[in-house]
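Peer 1: Spelled out, the chains give:
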Amino acid sequence: MSHTLVNVPIVPLPEGIVAVVKAECETCVLVAPVLRQLRQSGVALTVYTQDDPTFPADLDPQLDEDLSVSYHHAIETVPTLIKVEGGAEAARTVGWLRTSWEELTGVDDLGPGLPEQRPGCGSLSVDPDMVDVLAVRFGGSVLRSRRVEIAALEDEAEALFDRGWTDGLPVVAPTEARVLRMLQGTTRAPDDLVAVVPPDLVECTVEKVAINAVMAGAKPEYMPVILAALEVACTDEFNIHGVLATTMPVGPVVIVNGPIRKAIGMNSGGNVLGQGNRANLAIGRALQLIIRNVGGGRPGGVDRAAHGNPGKLSFCFAEDEEGSPWESLAVERGYSPDASTVTLFPGEGPRCVVDQLAREPEPLARTLAACLRTVQHPKLPLGFDAILVLGPEHARVFKEAGWSKQQVKDAIMSHLQLPGSEIVRGADGISEGIPEHLRDLTLPKFRPGGLLLVHAGGGAGLFSAIIGGWANGDTGSQPTTREVRA
Amino acid sequence: MTIVLDPTGEQVPAERALLQRPPSIEGRTIGLLDISKPRGNIFLDRLQQRLEAAGARVERFKKPTFTKPAPVDLRHEIATKCDLVIEALAD
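Here the protein sequences come in this chain order: A and B. Quick note on the working numbering: the first sequence kicks off at 1 and runs consecutively. Quick note on the working numbering: the second sequence kicks off at 1 and runs consecutively.
Excised from the complex, chain B in its bound form:
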């Protein structure tokens, strides 16, 4: 870990602010990213059922391998298609 000194006028918080939680997921497109860990798909299948029952639309995505960051194209596709994303770890 490196500690650096804030070079700014410190007018805004150093941490990036979280986005507002959406008031409802109804009608929203939610991306489910399978990171390719074994049996992660089973967990995500169940999540998809629950989310769709609550009125959300679900898009499924999958990383080629859990050992590397998601490819840029995949991240871009998720960002353009989805309002929300759930990225779950497995094991």
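Next up, chain A with everything else stripped away, as it sits in the complex:
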């Protein structure tokens, strides 16, 4: 943890030699006679004790009761011995190592009869129970958000619901300690601007992202992915304003590629689009909470969805790159396999494609095409993109036939060339369709690049999933990818 502070005066250490100890540390007890030896030899010694004000005896220890000395001077181990010259730290050593102590103090023959060295113990100021408390006590001023008091008799969860800050499920209360801990997950400063968030077009800082990430149940290590997802969402290309405001049932679908998937424990296997994985769920939820809370985008307000879909709570998953026969979605989109990326897609809820008799690639391509044709409407071409989440058992059929990813897409698209006469308005007794003047054309179901293929899912089941999109192109939303940075 960083000990760099903003706006908190650091108490300077006294000149000479400073020792920081605690009574419950055996090494500190071991070196107590050495400290007395230093005092007797004329060294200007000041001893700070973290727990027992009477330890070490005969050395007039100063009690570091609020641990401010330990915190401000980054004491991680006791005993720590610091040499102070001209008000500044000139040298320090931790634990007991005779040669280091002698070098630092300039006194020879320290601790006769003691072993040559003993490791120290953890400082109370880095005790897991104390770290966040101290961060708030001494470092909290880095946070600029308005403080809101929840009275002792209020239920925390209810109070957060009442303020309209939740997506309908309980959230974790964003206390200062939790938000500071969340900020440890990124190297970016709390006041760094991440994006201007629609619909209210509010400047969103890293701090606001961290607050909403806490509420969503995220861990600090998810922060880089959440930050990247928010940046992508707020680009003109992805157009979260439109995705939010539309009457169609779409929300931001976040697909994660690259090493960070495994590093933060994301799921790309069984139940990949379902419940149960904290990283998948919390990242998607954090993004939606930011859009709700910072951007002001709420159902019934700017969110005008006629039906919505449960994925608007959270829809985030990782690609199974290790099990895939092909290059990943991110590599296809121009990124290195070593890069971690997020790709956002304006998606509705997923639906299942069943073909349990698939053994040959061509018939399976026909199945996938037949199901993909129904995205939004079987008679509507070109207007909507789609993600095909190919399950491992379906992908294996193509793999065993030696098909490349492009071959799979080409085969599917070859069965999605729709004759105008079949999809014109009124055809099949269905009013919806293309205008009459396009009757003589043959139109592809998806525009070039409009069919995205991702490999994910459990190892058993000859199934895939389709995630239908929203209005594509410059006036709608484009699938958009960015690299995840720290």
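Just so you know, not all the hints are guaranteed correct.
[Unchecked claim] Covered stretches of chain A, going by a simulated chain B footprint (3 or more residues, C-beta under 8 Å):
#, segment
1, 147-160
2, 171-180
3, 205-215
4, 367-375
[What the hints assert, rightly or not] Facing chain B, a subset of chain A residues (Cβ under 8 Å, in silico):
#, residue
5, Val142
6, Leu143
7, Trp165
8, Asp200
[Unchecked claim] A short list of chain A residues far from chain B (calculated; beta carbon distances all over 10 Å):
#, residue
9, Gln62
10, Asp66
11, Gln417
12, Pro435
Simulated from the structure, these hints should not be mistaken for lab results. These numbers were taken from a predicted model, which means no experiment stands behind them. Quick reminder that beta carbons are idealized off the backbone N, C-alpha and C, glycines included.
Given the coordinates of chain A, work out where chain B should sit on it, guided by the hints.
Peer 2: For chain B alone, coordinates are given in the frame of chain A:
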């Protein structure tokens, strides 16, 4: 007490705004909620006289016990019947 950090864009006040005071109580229905503290009813009887003299209509309600929050049904009944409510503590 827990202190949390505001997750919003801070475009609106954190405190819930008070409703506007009505310009007059004449013709309004005012609910008087007796929380079942001893002699609270005597205080409310006098309030009712004063309010009715000022032209208000008064509805009386009573909580089963002062130790617990008002039941949901009772709160709903007050909300649907009344324009204003006076909830008085006793003792």
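Peer 1: Each hint needs a verdict: does it hold in this structure or not?
Peer 2: Each hint, compared with the structure:
1. Requiring three or more residues with a Cβ within less than 8 Å of a Cβ of chain B, the coverage given for the segment 147-160 of chain A holds, as 8 such residues are present.
2. Remark: the segment 171-180 of chain A is confirmed as covered by chain B, as 5 of its residues place a Cβ nearer than 8 Å to a Cβ of that chain, reaching the required three.
3. Closer than 8 Å: that is the beta-carbon criterion, and the segment 205-215 of chain A has 5 residues meeting it against chain B, so the requirement of 3 holds.
4. Three residues within the 8 Å Cβ limit are the bar, and the segment 367-375 of chain A against chain B gives 0, so the coverage statement is violated.
5. Interface restraint check for Val142 of chain A: the shortest CB-CB distance to chain B comes to about 12 Å, outside 8 Å, so the restraint is violated.
6. Taking 8 Å as the C-beta contact cut-off toward chain B, the hint placing Leu143 of chain A at the interface holds, the least distance being around 6 Å.
7. Taking 8 Å as the C-beta contact cut-off toward chain B, the hint placing Trp165 of chain A at the interface holds, the least distance being around 5 Å.
8. The closest approach between the C-beta of Asp200 of chain A and any C-beta of chain B is roughly 6 Å, which is under the 8 Å cut-off, so the hint is satisfied.
9. Annotated as non-interface, Gln62 of chain A keeps its C-beta farther than 10 Å from every C-beta of chain B; the closest such distance is 31 Å.
10. Interface exclusion of Asp66 of chain A from chain B stands, the closest Cβ pair being 19 Å apart, more than 10 Å.
11. Non-interface status of Gln417 of chain A relative to chain B is upheld: no Cβ of that chain comes within 10 Å, the nearest being about 47 Å off.
12. Pro435 of chain A, annotated as away from the interface, keeps every beta carbon of chain B farther than 10 Å; the closest lies near 43 Å.
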